[in-house]
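K.L.:
Chain by chain, the residues run as shown.
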Amino acid sequence: MKINRFILVLFSAVLITLASCQKDDPAPVTISASTVTNLPADPPSGGYDPMSGQPIGVTKKFTLFSFKTGAIVANADSATANWDLGFNGTTIIVNSGTSGPGTAGAQVVTGVFDEILEAPASGYGTDNKTTVPATYAIPRGSGNGWYNYNPSTNVISPIAGRVIVVKTSEGKYAKMEILSYYKDSPAAPSSGDIDRHYTFRYVYQSGASSTFE
Amino acid sequence: MEPGSLIFATVKFLPALLLAFGIVSAHAQEADTLAPQRLEELVITATRTERTMGALPMPVMLVPKNQIRTMGSLRLTEVLTEQTGLAVVPQVNGQGSGIQIQGLNPDYTLVLLNGEPLIGRYTGSLELSRIAVGNIKQIEIVKGPSSSLYGSDALAGVVNIITERPEGTRGHLYSRYGTNNTLDMSAEYGTTHGRWSLYGFVNRYSTDGYDLSPQNYGKTVSPFFSYTGNLRVGYSFSPRTELVVSGRYFREKQQFDFEVLSSNNEKIRTSGDGLTSDWNFNPVLTHRLSDRAKLTARFYATGYQTETRLVNPATDTVYYTDNFRQGFMRPEANLEYFAGKQHALTFGAGANLESVETGRYGDAVARNQETTYGFVQDEWTPSERLNVIGGLRFDYNNIYGSQFSPKLSLRYELSKSISLKGSYGVGFKAPDFRQLYLNFNNTAAGGYSVLGTEVVEGRLAEMNAQGLLSGYLIDPSQLGNLEAERSHAFNVGGRATVFRKLTADLNFFYNSIDNLIETQAVAVTTANQTIYSYRNIKRVFTQGLEANLSYPLTQRISLSLGYQLLYAKDADVVDQVEQGQVFWRDPETLVTRRLKPEEYFGLYNRSRHMGNFKIFYSHKGWEGSARVIYRGPYGMGDIRGNIQGEVLPPSDINGNGILDVYDHFVSGYAQVNLSVARSLESGLRLQVGVDNLLDYTDPIYIPNLPGRLLYASVGYTFHRKTKTNN
Numbered sequence: 000m001k002i003n004r005f006i007l008v009l010f011s012a013v014l015i016t017l018a019s020c021q022k023d024d025p026a027p028v029t030i031s032a033s034t035v036t037n038l039p040a041d042p043p044s045g046g047y048d049p050m051s052g053q054p055i056g057v058t059k060k061f062t063l064f065s066f067k068t069g070a071i072v073a074n075a076d077s078a079t080a081n082w083d084l085g086f087n088g089t090t091i092i093v094n095s096g097t098s099g100p101g102t103a104g105a106q107v108v109t110g111v112f113d114e115i116l117e118a119p120a121s122g123y124g125t126d127n128k129t130t131v132p133a134t135y136a137i138p139r140g141s142g143n144g145w146y147n148y149n150p151s152t153n154v155i156s157p158i159a160g161r162v163i164v165v166k167t168s169e170g171k172y173a174k175m176e177i178l179s180y181y182k183d184s185p186a187a188p189s190s191g192d193i194d195r196h197y198t199f200r201y202v203y204q205s206g207a208s209s210t211f212e
Numbered sequence: 000m001e002p003g004s005l006i007f008a009t010v011k012f013l014p015a016l017l018l019a020f021g022i023v024s025a026h027a028q029e030a031d032t033l034a035p036q037r038l039e040e041l042v043i044t045a046t047r048t049e050r051t052m053g054a055l056p057m058p059v060m061l062v063p064k065n066q067i068r069t070m071g072s073l074r075l076t077e078v079l080t081e082q083t084g085l086a087v088v089p090q091v092n093g094q095g096s097g098i099q100i101q102g103l104n105p106d107y108t109l110v111l112l113n114g115e116p117l118i119g120r121y122t123g124s125l126e127l128s129r130i131a132v133g134n135i136k137q138i139e140i141v142k143g144p145s146s147s148l149y150g151s152d153a154l155a156g157v158v159n160i161i162t163e164r165p166e167g168t169r170g171h172l173y174s175r176y177g178t179n180n181t182l183d184m185s186a187e188y189g190t191t192h193g194r195w196s197l198y199g200f201v202n203r204y205s206t207d208g209y210d211l212s213p214q215n216y217g218k219t220v221s222p223f224f225s226y227t228g229n230l231r232v233g234y235s236f237s238p239r240t241e242l243v244v245s246g247r248y249f250r251e252k253q254q255f256d257f258e259v260l261s262s263n264n265e266k267i268r269t270s271g272d273g274l275t276s277d278w279n280f281n282p283v284l285t286h287r288l289s290d291r292a293k294l295t296a297r298f299y300a301t302g303y304q305t306e307t308r309l310v311n312p313a314t315d316t317v318y319y320t321d322n323f324r325q326g327f328m329r330p331e332a333n334l335e336y337f338a339g340k341q342h343a344l345t346f347g348a349g350a351n352l353e354s355v356e357t358g359r360y361g362d363a364v365a366r367n368q369e370t371t372y373g374f375v376q377d378e379w380t381p382s383e384r385l386n387v388i389g390g391l392r393f394d395y396n397n398i399y400g401s402q403f404s405p406k407l408s409l410r411y412e413l414s415k416s417i418s419l420k421g422s423y424g425v426g427f428k429a430p431d432f433r434q435l436y437l438n439f440n441n442t443a444a445g446g447y448s449v450l451g452t453e454v455v456e457g458r459l460a461e462m463n464a465q466g467l468l469s470g471y472l473i474d475p476s477q478l479g480n481l482e483a484e485r486s487h488a489f490n491v492g493g494r495a496t497v498f499r500k501l502t503a504d505l506n507f508f509y510n511s512i513d514n515l516i517e518t519q520a521v522a523v524t525t526a527n528q529t530i531y532s533y534r535n536i537k538r539v540f541t542q543g544l545e546a547n548l549s550y551p552l553t554q555r556i557s558l559s560l561g562y563q564l565l566y567a568k569d570a571d572v573v574d575q576v577e578q579g580q581v582f583w584r585d586p587e588t589l590v591t592r593r594l595k596p597e598e599y600f601g602l603y604n605r606s607r608h609m610g611n612f613k614i615f616y617s618h619k620g621w622e623g624s625a626r627v628i629y630r631g632p633y634g635m636g637d638i639r640g641n642i643q644g645e646v647l648p649p650s651d652i653n654g655n656g657i658l659d660v661y662d663h664f665v666s667g668y669a670q671v672n673l674s675v676a677r678s679l680e681s682g683l684r685l686q687v688g689v690d691n692l693l694d695y696t697d698p699i700y701i702p703n704l705p706g707r708l709l710y711a712s713v714g715y716t717f718h719r720k721t722k723t724n725n
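Heads up: the protein sequence lines correspond to chains H and E, in order. FYI, in numbering that gives the first Met the number 0 the residues of the first sequence are 0 to 212. FYI, in numbering that gives the first Met the number 0 the residues of the second sequence are 0 to 725.
Read the hints as simulated data drawn from the structure, not as lab findings. Nothing here was measured: the structure is a model prediction, and the numbers come from that model. Each residue gets a CB set at the ideal place from its N, CA and C atoms; glycine is no exception. A portion of the hints provided could be inaccurate.
[Unchecked claim] Going by beta-carbon spacing under 8 Å, a handful of chain H positions derived as facing chain E:
#  : residue
1  : Lys60
2  : Ser121
3  : Gly124
4  : Ala133
5  : Ser141
6  : Asn143
7  : Thr152
8  : Ser156
9  : Ile158
10 : Ala159
11 : Gly160
12 : Ala186
13 : Ala187
[As the list claims (entries may be wrong)] Think about it this way: if two alpha-carbon atoms lie no more than 30 Å apart in a straight line, the pair counts; the simulated DSS-like pairs of lysine-lysine are:
#  : chain 1 : residue 1 : chain 2 : residue 2
14 : E       : Lys252    : E       : Lys266
15 : E       : Lys619    : E       : Lys136
16 : H       : Lys182    : E       : Lys266
17 : E       : Lys252    : E       : Lys136
18 : H       : Lys182    : H       : Lys128
19 : E       : Lys619    : E       : Lys64
20 : H       : Lys128    : E       : Lys537
21 : E       : Lys136    : E       : Lys500
22 : E       : Lys266    : H       : Lys59
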């Protein structure tokens, strides 16, 4: 018992030292943890048609995102490897296969975001919409990938514990957790809230490592 | 006579007793309906032949007419809410309500009227408030599957409403008025003359409805009125042969005024009518072939239709229309035969012809299906202490194929005061027309489509050819081929009479369904909208315990206590939680944690605890009751916004799609109902009462629970054959 307590104290001391070291030393940090709020995923400019329920004024274009820059990539660059993921409604594409010219891959991992400390070595899928059924690295449909859809309330909720791990075209790793599909991330979204706005947190490993620490 | 020896005598002389209670003379037990726990109460639902309730080897409940009268109830839902283990749950579309038995949804309970099924499962469950109780003789509830006798839908249980039969000449006039300008008026007349018997009943019910959210336009329940008529004519060709022809007509008109949310979330005020009607026609011919054999030929035809039309008065355009028509026909013959003293056999065969027509199938074409069936049952009494009932039914349907439904039940008398019961049965529920033919496009924001399994393949191929589909989510060859849902159920329990006359009934139940039909996303459109269809993919189980205690405190006062403990869960979710694959995200801090097995609560809309406590009083023309009905906390899942266009927050608030202990729960609540009545020598009966004395309401989650209701009624009975105390 005494020994355990000693070790614990020792560990704490080391951790505190490390933490303070990190604060003072800006040098070898390769990790950036960020949150993206309200990434638009083709929200309908004209709302929804009252008779058919179809969205009005959608561009059907994907909003492209790069983990490296942490920013949206213009659609003009869609034929480049500069983007990693694309967002349109609930569909998320990855830059490879039938979706883009890149070589990125992605997979949905079940676990707690903070506990996933290393990207899996394999299992990264690409998109292929020519097969029947179409295969997507981040599976589409309620309950299949990152979200659940409640047909009674028309609410999309990101499934807790689904972490998307991406291997970019440059061979770098990122993990992301989607937190909301609605503008300004209401705690209890309803169909009255504006949808097709992603809020997610991610960690991008800019170094050669596959760890997220 | 001791109650125990009565059972003894009943079992021993079962065959003789049965003959004595043929259909012709079935009203004999009406004379004394006072003591609440009489053991000689006859029920027909459990075996299709009249049997004393205490001798049956499966869980059965009976609500007799005098209890319904003392409660002051008007509609079937009010009566069923107060029974142990029965929960009145709102329908999926937020309108009306159905009955949950042993934790299974209302769609899984078969509701019969004099042994024939009520139809009109417009959104899955039946709207039971359309049944007036003024002409009801008794309500029988059999829990556990009875598909071995009744086929589809008799999975969680069977509720059989037995209507009044004439006995001598008797007329009854009744009127009740109460809160919300609710007025109920009924007239009843029955007579027998030589070989003829006649019974008629008419009822008019009207209410202004009620408004639980006055801040919103329109009412929670819109005003409506309804008419019910029931006629029954009997003729005895001979002491051996009798024909009874009965019919029912019901019509309801509701006046809607409410605000709906458009797809752009604009509030639009609409008004319109909802019309619902049903009718049935049911001739039954019984013929006693010998002292040992009785033949019954039955025919049943029924129709149901409902139509809703909402207009936007500002623009004078039709905002919404919905219609649904259903027809059902059944010829059936059965034979009861006593083989020696130990076996009572029942054989039956028949056919169901059904058709449905609704705008929701995308056209005005009627969809039909046919089922032919046969069943056999043996009630075996090998000794004075043991009786065994075995039954088997075979159903063949032209769409979903064939079903075998066996059931075995047994009862053993340990002593005069203790008996044990156990049963195993298979129940099934055929895919309904909606699951087969729905072609529905939800027009709300983020809309979606639902396609029935018989149309999904063709419709998707069509959309694909038109370039409207961005892709399939599952292999299209897996679409279609919906099977009937099947359950396996065990009920084990017993009855004991101790301490003078304290009767305790205990029943453990377990139901499991391995191929529950669930919507599954099957394709995505180019506009990124999901298309759903139905598949046999879900595994659920419900298990628990039901206990009922009844105690006659004095000759005048009887007490009863009922309790149900329930665990209803998704078996796949249980597995996933045990494997650590399920998480929850705190909606405020957005921190995700792994869910522990004990933190998974179970299916939505199930209360872990439900109970009731009732006191009934009856003496010298006075009668009264005090009833407390409790329903414990539960989660709200598949419910759309309530009728006033409010958006209903779902229970799952932490991103795992299941109900866990960190989610939002609808609060538990108790209803307290009181009534007092006085019957006078002149035939007049006066009653006052209050339902929901504590005025408990929950406008968002329990729109079907009105606030406190006060009422007073007056009834007059003439030419009564026997004088009764109430």
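K.L.:
How about H/Ala133: closest beta carbon in chain E under 8 Å, or not?
P.N.:
It holds, given that the least Cβ distance between H/Ala133 and chain E is near 3 Å, below 8 Å.
K.L.:
Next item in the hint list is H/Ala187. Is there a CB on chain E closer than 8 Å to its CB?
P.N.:
It holds, given that the least Cβ distance between H/Ala187 and chain E is near 5 Å, below 8 Å.
K.L.:
Using 8 Å as the Cβ threshold, decide whether H/Ser121 counts as touching chain E.
P.N.:
Because about 20 Å separates H/Ser121 from the closest Cβ in chain E, which is outside the 8 Å limit, the hint is violated.
K.L.:
Starting from E/Lys252, check that the Cα of E/Lys136 is at most 30 Å away, please.
P.N.:
holds, 27 Å
K.L.:
Under 8 Å, Cβ to Cβ, is where H/Ser141 needs to be relative to chain E, so tell me if that hint holds or is violated.
P.N.:
holds, 5 Å
K.L.:
A closest beta-carbon separation below 8 Å is what the hint needs, so does H/Gly124 meet it against chain E?
P.N.:
violated, 15 Å
K.L.:
Do the numbers back the hint for H/Ala159, that is, is its least Cβ distance to chain E under 8 Å?
P.N.:
Holds. Min distance 4 Å.
K.L.:
Restraint: H/Lys60 near chain E, CB-CB cut 8 Å. Satisfied or not?
P.N.:
Cβ of H/Lys60 sits 12 Å from chain E, so the hint is violated.
K.L.:
Is the Cα-Cα distance between H/Lys128 and E/Lys537 30 Å or less?
P.N.:
holds, 28 Å
K.L.:
Does the alpha-carbon distance linking H/Lys182 and E/Lys266 stay inside the 30 Å limit?
P.N.:
Roughly 21 Å separates the two Cα atoms, so the pair holds.
K.L.:
Against chain E, is H/Ser156 within 8 Å by beta-carbon distance?
P.N.:
Since chain E brings a Cβ to about 5 Å from H/Ser156, closer than 8 Å, the hint holds.
K.L.:
Does the nearest C-beta of chain E fall within a distance shorter than 8 Å of the C-beta of H/Ala186?
P.N.:
Cβ of H/Ala186 sits 4 Å from chain E, so the hint holds.
When the structure is compared with the earlier hints, violations turn up for hints 1, 2, 3 and for no others.
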